[in-house]
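In order, the protein sequences belong to chains L and Z.
First residue of the first sequence: 396, per this note's numbering; consecutive thereafter.
First residue of the second sequence: 909, per this note's numbering; consecutive thereafter.
One thing to keep in mind: the hints can contain errors.
[Stated by the list, open to error] Partial chain Z-side listing against chain L, Cβ under 7 Å, derived: (1) D995; (2) G1001; (3) V1003; (4) A1005; (5) V1040; (6) H1055; (7) H1056; (8) L1059; (9) D1063; (10) R1066; (11) G1067.
[Stated by the list, open to error] Each pair of labels, with its calculated beta carbon distance range: (12) Z:A968 / L:C531: 51 to 57 Å; (13) L:V423 / Z:P1032: 49 to 55 Å; (14) Z:G1033 / L:I500: 28 to 34 Å; (15) L:I500 / Z:T1028: 33 to 39 Å; (16) L:L520 / Z:R949: 45 to 51 Å; (17) Z:D939 / L:S450: 26 to 32 Å; (18) L:G499 / Z:T1028: 38 to 44 Å; (19) L:D527 / Z:A968: 50 to 56 Å; (20) L:D527 / Z:R947: 52 to 58 Å; (21) L:L425 / Z:T1028: 42 to 48 Å; (22) L:V423 / Z:D944: 57 to 63 Å; (23) Z:D944 / L:S511: 53 to 59 Å; (24) Z:F990 / L:S420: 46 to 52 Å.
[Claimed, not checked] Partner residues are not named here, just some residues of chain L that face chain Z (Cβ under 7 Å, in silico): (25) H486; (26) T493; (27) V497; (28) D566; (29) C567; (30) T568; (31) A569; (32) H571.
Hints listed in this document are in silico derivations from the structure and should not be mistaken for laboratory results.
Idealized CB from N, CA, C, for every residue including glycine.
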Amino acid sequence: MGVNRMAVVPVVQPVAFPHRVHVDSETVGLSCDICHAGALTQTGAGIPPLWLCASCHAAMPTESDAARDLKAFIDTDRPIPWQRVWRLPAHTFFSHRTHTAVAGIDCAACHGDMASLDAPPIVPLKTLTMADCIACHTREQGGERQVDQRRGGQGPVRPVSASSSPGGDADCTACHR
Amino acid sequence: MALWGMTIDLDLCTGCQACALACKAENNIPDVGTVDVRRGRRIAWMEVLVQTDPHHPGRARFLPRPCLHCDDPPCTKVCPVFATFRDHNGTVGQVYAQCIGCRFCMAACPYNAKYFNWRTYHDPGPGQNPQVSVRGKGVVEKCTFCHHRLLLAEDRARGEGRPLAPGDYVPACVEACPTGAITFGDLADPDSAVAHQARSPRAFRLLEELGTRPKVIHLAARRERDHA
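The shape of chain L in the complex, shown without the other chains (with noise of 0.2 Å):
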């Protein structure tokens, strides 16, 4: 029991990408999905690879720190060691699909506002724990799954009898299979 597994780890981004500049309307416009090419059809939403920072980068102009980080590594083609930021336990399965292109939830419903950041996030924005999870798949159903509050509320989750609503369904084996 020593090991948290929802520690967080701050961790320090080889290239300080600012993500408002690629997302805001004002600016480049990007949506989420054109560099997270996963993030709409796959499990893993993933990160970009170099070639797709380079389709733009490479004949653009190099005016802040960030963007002549990453010219260094185009012009010398070596792939960008980005951290992981958000991670889920390993006994757990989760799909970005599932909740993007399927249900329809904002990117941000999770990762918070990350549109408005001008450097990489050192920590996630949110917490993304079991009760975190359940919290939004309960108030779907109405609230019919108890978490067990002995242990802070990560304690088992008590299955009743639930009314399975289309995409607000607190499976417990759909996350932990």
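Take the given structure of chain L and dock chain Z to it, following the hints.
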């Protein structure tokens, strides 16, 4: 709400074990090794039980036995940590991360359909189904009616904006059966093929007298009666 169930026609079963093999591949079921097999620690979510008769050498009867997904499961009542439970679709689930390995559920299951990981038999890696976890040492595992396939089928149906159709969700054993002995579907739908077969006069449920109300229903072999 669906009530997933299965019928297995023993008249059509040839004992080829395609179901057992398909299950092993689909659900990352480990090979426990000969030493552990001799100790009775084999893991086979779908097991084809064989009955031979000394009076009729060369003849055998086969009975494929997955988890029977009892409607009133004895295993869930003894679990001290709610790691095993009957979900809203009637399938009996097992949350490996929650399981403490006490094996009470194995003792409670009258069908021996639950299996314990006595060791870490394998690690996640290439060649395994990424939709299913690789269970580590010290947890109980069981047939889930390929629950991950239900999730994928639901996703697909929802993406196409239609309700789940019969045949969208089929476990690996059903898909693999070359003789079509296994039928899978919604028992709550009286018009489904599986519900139709469940009403057959040949239908019986294993150890029915215990009151577990299994949702895997076997159809007795007519052949046996003819030869009697």
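Exercise. Between L:L520 and Z:R949, does the beta-carbon spacing fit 45 to 51 Å?
Worked result: holds (46 Å)
Exercise. Measuring from the C-beta of Z:H1056 to each C-beta in chain L, is the shortest one below 7 Å?
Worked result: Since chain L brings a Cβ to about 5 Å from Z:H1056, closer than 7 Å, the hint holds.
Exercise. For the pair L:G499 and Z:T1028, does the Cβ-Cβ distance stay inside 38 to 44 Å?
Worked result: Roughly 40 Å apart at Cβ, these two residues keep to the hinted range, so it holds.
Problem set entry | Hinted contact L:T568 with chain Z - closest CB pair below 7 Å | Holds, because the Cβ-Cβ distance from L:T568 to chain Z comes to roughly 4 Å (cut-off 7 Å).
Problem set entry | Hinted contact Z:V1040 with chain L - closest CB pair below 7 Å | OK, holds: Z:V1040 within 7 Å of chain L, min 6 Å.
Exercise. Can we keep the L:H486 interface hint, with Cβ of chain Z closer than 7 Å?
Worked result: holds (4 Å)
Exercise. At the C-beta level, are L:I500 and Z:T1028 separated by a distance inside 33 to 39 Å?
Worked result: Roughly 36 Å apart at Cβ, these two residues keep to the hinted range, so it holds.
Exercise. Quick one, is the L:C567 hint okay against chain Z at 7 Å, beta carbons?
Worked result: L:C567 check passes; min Cβ-Cβ to chain Z is 5 Å, inside 7 Å.
Exercise. Can L:A569 be said to touch chain Z, with a Cβ gap under 7 Å?
Worked result: holds (6 Å)
Problem set entry | Hint check: 7 Å Cβ-Cβ cutoff, Z:H1055 to chain L | holds (5 Å)
For this session: Report holds or violated for the interface hint on L:H571, using the least CB-CB distance to chain Z and a cut-off of 7 Å.
Result: Holds, because the Cβ-Cβ distance from L:H571 to chain Z comes to roughly 4 Å (cut-off 7 Å).
Exercise. Should the hint that Z:A1005 touches chain L count as held when the rule is a Cβ pair under 7 Å?
Worked result: It holds, given that the least Cβ distance between Z:A1005 and chain L is near 4 Å, below 7 Å.
In terms of the numbered hints stated before, the structure departs from hints 13, 17 and 20, listed from lowest to highest.
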